[in-house]
Amino acid sequence: MYESILNHPNNLFGQFERLRRELDDVFGVSGLASSIRSVAPGTVPAVNVGRTPTSVEIYAFAPGLDASKVEVTLDRGVLRISGERASGIPANDPKVHVYTRECGTGSFTRAISLPDDVDPGQVNASYRDGVLRVSVARRESAQPKRITVQ
Amino acid sequence: MSDNKQVARTGIEQDQQRAVLPAVDVFEDAGGITLLADMPGVPKDQLELKIEGDSLLIEGGVQALTPEGLEAIYAEVRVPRYRRSFTLSRELDTARIEANLKDGVLTLRIPKQAHAQPRRIAVTSG
Numbered sequence: 007m008y009e010s011i012l013n014h015p016n017n018l019f020g021q022f023e024r025l026r027r028e029l030d031d032v033f034g035v036s037g038l039a040s041s042i043r044s045v046a047p048g049t050v051p052a053v054n055v056g057r058t059p060t061s062v063e064i065y066a067f068a069p070g071l072d073a074s075k076v077e078v079t080l081d082r083g084v085l086r087i088s089g090e091r092a093s094g095i096p097a098n099d100p101k102v103h104v105y106t107r108e109c110g111t112g113s114f115t116r117a118i119s120l121p122d123d124v125d126p127g128q129v130n131a132s133y134r135d136g137v138l139r140v141s142v143a144r145r146e147s148a149q150p151k152r153i154t155v156q
Numbered sequence: 010m011s012d013n014k015q016v017a018r019t020g021i022e023q024d025q026q027r028a029v030l031p032a033v034d035v036f037e038d039a040g041g042i043t044l045l046a047d048m049p050g051v052p053k054d055q056l057e058l059k060i061e062g063d064s065l066l067i068e069g070g071v072q073a074l075t076p077e078g079l080e081a082i083y084a085e086v087r088v089p090r091y092r093r094s095f096t097l098s099r100e101l102d103t104a105r106i107e108a109n110l111k112d113g114v115l116t117l118r119i120p121k122q123a124h125a126q127p128r129r130i131a132v133t134s135g
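If you read the protein sequences in the order shown, they are chains A and B.
Residue 7 is where the first sequence starts when you use the numbering used here, and the numbers rise one by one after that.
Residue 10 is where the second sequence starts when you use the numbering used here, and the numbers rise one by one after that.
It should be emphasised that the hints constitute simulated quantities derived from the structure, not laboratory data.
Among the hints, erroneous ones may be present.
Unchecked claim - According to the in silico footprint, chain B covers these stretches of chain A (three or more CB under 8 Å from chain B):
1. 49 to 58
2. 83 to 96
3. 105 to 113
4. 129 to 137
Claimed, not checked - Ranges between beta-carbon positions, derived for each pair:
5. A:Ala148 / B:Ile60: 50 to 56 Å
6. B:Lys59 / A:Pro96: 26 to 32 Å
7. B:Gly62 / A:Arg82: 55 to 61 Å
8. A:Gln149 / B:Leu58: 42 to 48 Å
What you are looking at is a predicted structure, and each value in this text was computed from that prediction instead of being measured.
Glycine included, each C-beta is placed from N, C-alpha and C at the ideal position.
Construct the complete structure from the given sequences, taking the supplied hints into account.
Listed below in structure tokens is the structure:
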């Protein structure tokens, strides 16, 4: 039913991928081959997706953004979140010594394919504590119904 | 005695609580060190900053954002806690640290002790 975003928590390969990522996080990037599309952690906001009986909820962990410049579009079942983040480190100041630069900066886009039963007319997005939450309602016809027995 | 044990136990439990390292930027200028930490999802009341001796601990819990009946389909953030510690050096003034949390970014300003600030020494001729 949710094949488009089916990377189920219990998926075996998903678990391996998670393990690989965690090891990379702990030991730094290993010499092993990684996906050609893989990016350094923090470059693109991490995303969690969940569903309730009435809606699909997307949480993008994107700290330090200007909420008015975040763009959220929904086009033919694909939700696209894009924005840009400026670095907190003052640029070109000879008196500033930078020791660690891990926070992702620059522009990003993430696209998420949503299930077929969402209602594009009812989308809410809010930004709080560095988390962008997008709530897309599911069509009424897709919601569980109790059927009266005649 | 039993109280002590309890404290010790909760301490161990807290240590064992899984947490991820937040990404940080650290830079220094003449007046001190600035640390920026990415902690998206952490509200102000869930953030804890601790200084013990010369170590600085930053810890924050991601607030449960989930509405009732939410079923996870896909999750990249699985550990709802950030924790990271740093060792400070002696010329930093831990009593005057300023902290600010905005849009999931924690900004810590750690000034240098007054005696460690750079001074210009006037040269007199004569």
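Status of each hint after checking the structure:
1. With 8 residues bearing a CB less than 8 Å from a CB of chain B, the segment 49 to 58 of chain A meets the requirement of three and the coverage assertion stands.
2. For the segment 83 to 96 of chain A, the stated coverage by chain B is satisfied: 4 residues place a CB nearer than 8 Å to a CB of that chain, which reaches the threshold of 3.
3. Counting residues of the segment 105 to 113 of chain A whose beta-carbon sits less than 8 Å from any beta-carbon of chain B gives 6, enough to reach three: the coverage restraint holds.
4. Residue count for the segment 129 to 137 of chain A with a Cβ under 8 Å from a Cβ of chain B: 4. That meets the three needed, and the coverage hint holds.
5. Judged by the Cβ atoms, the range 50 to 56 Å given for Ala148 (chain A) and Ile60 (chain B) holds: they are separated by roughly 52 Å.
6. Between Lys59 (chain B) and Pro96 (chain A), the C-beta spacing of about 28 Å keeps the proposed range 26 to 32 Å intact.
7. Look at Gly62 (chain B) against Arg82 (chain A): about 58 Å separates their beta carbons, and that is inside 55 to 61 Å.
8. For the pair Gln149 (chain A) and Leu58 (chain B), the beta carbons lie near 45 Å from each other, so the given range of 42 to 48 Å is met.
In this structure, every one of the numbered hints holds.
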